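For chain C, the structure is supplied; the task is to place chain A on it using the hints.
Chains as they are written, first to last, in my numbering: chain C, 7 to 307; chain A, 11 to 488.
To be clear, the hints were calculated from the coordinates, so they are not data collected in a lab.
On a predicted model such as this, the values are computed, not experimentally measured, just so you know.
Backbone N, C-alpha and C fix where the C-beta goes; we use that ideal spot for every residue, glycine too.
One should not assume that every hint holds.
Over the 10 Å line for every Cβ pair with chain C, so calculated as not near, a few chain A residues [said to hold, decoys possible]:
no. : residue
1   : R50
2   : V94
3   : S103
4   : L115
5   : S185
6   : S223
7   : A229
8   : V244
9   : T263
10  : G270
11  : F285
12  : G290
13  : K300
14  : L346
15  : A400
According to the in silico footprint, chain A covers these stretches of chain C (three or more CB under 8 Å from chain A) [unchecked claim]:
no. : stretch
16  : 99-112
17  : 257-267
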Amino acid sequence: MISSTGWILITGILAASSCALVGTFLVLRKMSLMGDAISHAVLPGIVIAFLLTAGRNTFPMLIGAGIFGLLTVYLTELLSQKGRIFHDASMGIVFTTLFAIGVIIISLFAGNVDVDQECVLYGEIAYVPWDLWIWQGTNMGPRPVWILGFVLLLNITFITLAYKELKTYSFSPQLAATLGMPVGLIHYGLMGSVSLTTIASFESVGAILVVAMLIVPPATAYLLTDRLHRLLLLAVLFGITSAVGGYYLALWINSSIAGAIAVVTGLQFALVFLFAPRYGLLAKRYIINRSKEAPRPVTTG
Amino acid sequence: MDIFFEFFSLQDPNIRYVLAGTILLGFSAGALGCFAILRRRALVGDAVAHAILPGVCLAFIVAGGKDPLMLIAGAFVFGLLSMVTMDFITRNSRIAPDASIGMVLSVFFGFGVVLLTFIQSTGYVDQSGLDDFLFGQAAAMIGYDVNVFGGLSLLILAITIITFKELKLISFDPSFARSIGYPVKRIEFLLAMLMVLTITAGIQAVGVVLMASMLIIPAAAARYWTDSLRVMVVVAAGVGALSGITGSFISYTAPAMPTGPWMVVSAALVFILSFLLAPGRGEIARFVQKRRLRHRIASENILKTIYSMEEEDDRTDRVRPRRELARRRHMSKRELNRAISTLLRKKYIAWFSGNPGGYVLKSEGRKEAKRLVRVHRLWEQYLNQHLQIAEDHVHDDAESMEHLITTDIEHELLESLGSPERDPHHSKIPYEDADEGEKDGDNNAHNNQEGIDQTGEPGKQNPGGRKSQTTKPKGSRP
Chain C
7 MISSTGWILI TGILAASSCA LVGTFLVLRK MSLMGDAISH AVLPGIVIAF
57 LLTAGRNTFP MLIGAGIFGL LTVYLTELLS QKGRIFHDAS MGIVFTTLFA
107 IGVIIISLFA GNVDVDQECV LYGEIAYVPW DLWIWQGTNM GPRPVWILGF
157 VLLLNITFIT LAYKELKTYS FSPQLAATLG MPVGLIHYGL MGSVSLTTIA
207 SFESVGAILV VAMLIVPPAT AYLLTDRLHR LLLLAVLFGI TSAVGGYYLA
257 LWINSSIAGA IAVVTGLQFA LVFLFAPRYG LLAKRYIINR SKEAPRPVTT
307 G
Chain A
11 MDIFFEFFSL QDPNIRYVLA GTILLGFSAG ALGCFAILRR RALVGDAVAH
61 AILPGVCLAF IVAGGKDPLM LIAGAFVFGL LSMVTMDFIT RNSRIAPDAS
111 IGMVLSVFFG FGVVLLTFIQ STGYVDQSGL DDFLFGQAAA MIGYDVNVFG
161 GLSLLILAIT IITFKELKLI SFDPSFARSI GYPVKRIEFL LAMLMVLTIT
211 AGIQAVGVVL MASMLIIPAA AARYWTDSLR VMVVVAAGVG ALSGITGSFI
261 SYTAPAMPTG PWMVVSAALV FILSFLLAPG RGEIARFVQK RRLRHRIASE
311 NILKTIYSME EEDDRTDRVR PRRELARRRH MSKRELNRAI STLLRKKYIA
361 WFSGNPGGYV LKSEGRKEAK RLVRVHRLWE QYLNQHLQIA EDHVHDDAES
411 MEHLITTDIE HELLESLGSP ERDPHHSKIP YEDADEGEKD GDNNAHNNQE
461 GIDQTGEPGK QNPGGRKSQT TKPKGSRP
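Looking at chain C on its own, in the form it has when it is part of the complex:
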């Protein structure tokens, strides 16, 4: 049997890997904040699903959240094109409004909703071992592990199948369009998997810490390599180390595990930011200094 520590670590690792995989494309595509937007905007979807099915069934919630995730992406695009607003502003308008609507619905049905904004914002990975999935009387292990494992599998499948398209798309959507790739499909496919990943993860790590897992490990990896497959692997690696490191940090200082994971991703980034061999701060300074110290060519004559 796996101990509760084991289950927590497995959950963290699964969530971190899923997030790092799709997050890499978000960072490359310069849409990092889409994860932030989606993770907030799904609140009304979750609450509505909760009210309709009258219970914490995961599946309706995932569907409700998924619908609102894609709605966020669609409304953001619509507003920035039709409304001629900068993309970031239209994202800000859409997700905060949807979140506000979610909070209002919660307050409307305050009595019957067992979801509160705190749980959406923080999540609690420490409760994972007790959130069991009982299937036909057999204990199948914690539910989040199954969901996250499924989402991870889905992400891996999506990325392997559409690797070439995703690669072209993330570096140059124009080129992808010229080559006749279905850019819209790639975009919404990617956003769909971002939504799914976000929703699956935030139950255990919370809306804002999903953003840390989505963005920080890929950004850290981005300072170390120029090749996409290495970037993906490094991002997953950084995700996993932060999940494990965060768990033990939280254990040590007796704090929220999700928060500690975010802090560790930040620390990793800070280290790489300083010491990365090519794109790090020190390396850049050093290269600049060296080029200053380089002896000037002696002119003869």
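Just chain A, lined up with the frame of chain C:
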């Protein structure tokens, strides 16, 4: 209705505090938000709002309690720190701004959550209210909070008014500001401080997540109503204040309702209304403009088609049947009908019934058609001569430009081309003055039309379009 008067009579001091707080918040956030969205920093506010959390927690630990001034000081320091960090990461690495915003937002917030749980686990007595910082609790604001808060808002507004010119300059063109010697870095820092102050002050009312929306939504709504920054700032502040009032009112009528989210939703409603209804930039106004332009283009195209048919057979008195027009311009029947009725109304063309019936240009219409053809051909000539575009490539561009070239541009074209005789396709460019010689013909046609109009049976005299009839019908009756 009672509750409405009860609320707005402001008898209850609690209502006064809440209302003052939310109005001030909406006002200052709306005004500053304009600069944020113009500088494409809309979501920086979101990041700062989140990054404030560890500052609040640290201040709580240091002060050992909820001293509003200490909390605000802690929040302010961390807000500023997060801004500096974002800027530093973007400037010193290949990380794009959006990723650095997201990183700072989530890592700082994560650190805040760690501190918060640490505080909770050590069991401070007074810690329960810290959550208000996260989710906002406008209804719980008391006199002291509002005083601190109002002071901050007034300070923010005063600085914004005093430094308006500088803020405006760096919002639109920072490199120009730098080149004429403005201390851009310092102004940017000032703006950052103002933003952080606003967010710090506002978080208690609307909470971390929704703070960003109070910066973004009123400003985005105001953008639809004006092109002037001054007006935009005032309108945005007004929208912010209005949503503050609405939010407080709704949460007063239904005490379970949170103020912050209702402020956001009412601001969003104002935004949607502006998006749809604003004159000029609103969606409906633009739809109407587009339709109007499309109709104008369609009717101008019909006018031109009749003229070019005249050019082809060099006859101004022949009627041009509707079927022929429809064949030459690929338009739907409805569009064609609309275009023709517009032209008839403007007295540019006249209808002659008969077999087949059709339209002829009236002199005003011919003048207009000539103008269109003239600017079309002038533009072709211009593209060909000055931009070295091959003569078989200039037509399509001219086809759309002819509807847009104003008299001024036409004069400039004439000047720069020296009133050319012919366009690149060797078609004659029709000038008004050069028409003197043809005036007779024109007059004849005109007389003719009038003559026919009187008989009411033009078809007998002018079964237009038939090649067999070659004699020009004069004004006289047979």
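A quick look at each hint next to the structure:
Its beta-carbon lying about 5 Å from the closest one in chain C, R50(A) breaks the requirement of being farther than 10 Å from that chain. Look at V94(A): its CB is around 14 Å from the nearest CB on chain C, clear of 10 Å, so calling it non-interface holds up. Distance check for S103(A) against chain C: the nearest CB is about 6 Å away, which does not clear 10 Å, and the non-interface claim fails. Interface exclusion of L115(A) from chain C breaks down, the closest Cβ pair being 6 Å apart, not more than 10 Å.
Chain C leaves S185(A) outside its interface by the beta-carbon criterion, the shortest separation being 19 Å against a cut-off of 10 Å. The claim that S223(A) is not at the interface with chain C is violated, since a C-beta of that chain comes within 10 Å of its own (minimum 3 Å). The non-interface label for A229(A) is inconsistent with chain C: the shortest C-beta to C-beta separation is roughly 8 Å, within 10 Å. Every beta carbon of chain C lies more than 10 Å from that of V244(A), the smallest distance being close to 19 Å; the non-interface claim holds.
Distance to chain C confirms T263(A) as a non-interface residue, since its nearest Cβ pair spans about 13 Å, more than 10 Å. A beta-carbon of chain C is positioned within 10 Å of the beta-carbon of G270(A); the least distance is around 7 Å. A beta-carbon of chain C is positioned within 10 Å of the beta-carbon of F285(A); the least distance is around 6 Å. At the 10 Å boundary, the C-beta of G290(A) stays outside the reach of chain C, the nearest C-beta of that chain being 12 Å off.
K300(A), annotated as away from the interface, keeps every beta carbon of chain C farther than 10 Å; the closest lies near 12 Å. Chain C leaves L346(A) outside its interface by the beta-carbon criterion, the shortest separation being 30 Å against a cut-off of 10 Å. Even its closest Cβ contact with chain C, about 25 Å, leaves A400(A) beyond 10 Å, as expected for a residue assigned away from the interface. Only residues whose C-beta sits within less than 8 Å of a C-beta in chain A count toward coverage, and the stretch 99-112 of chain C has 8 of them, enough to reach three; the restraint holds.
Only when three residues or more bring their CB closer than 8 Å to a CB of chain A does the claim for the stretch 257-267 of chain C stand; here the count is 8, and the claim holds.
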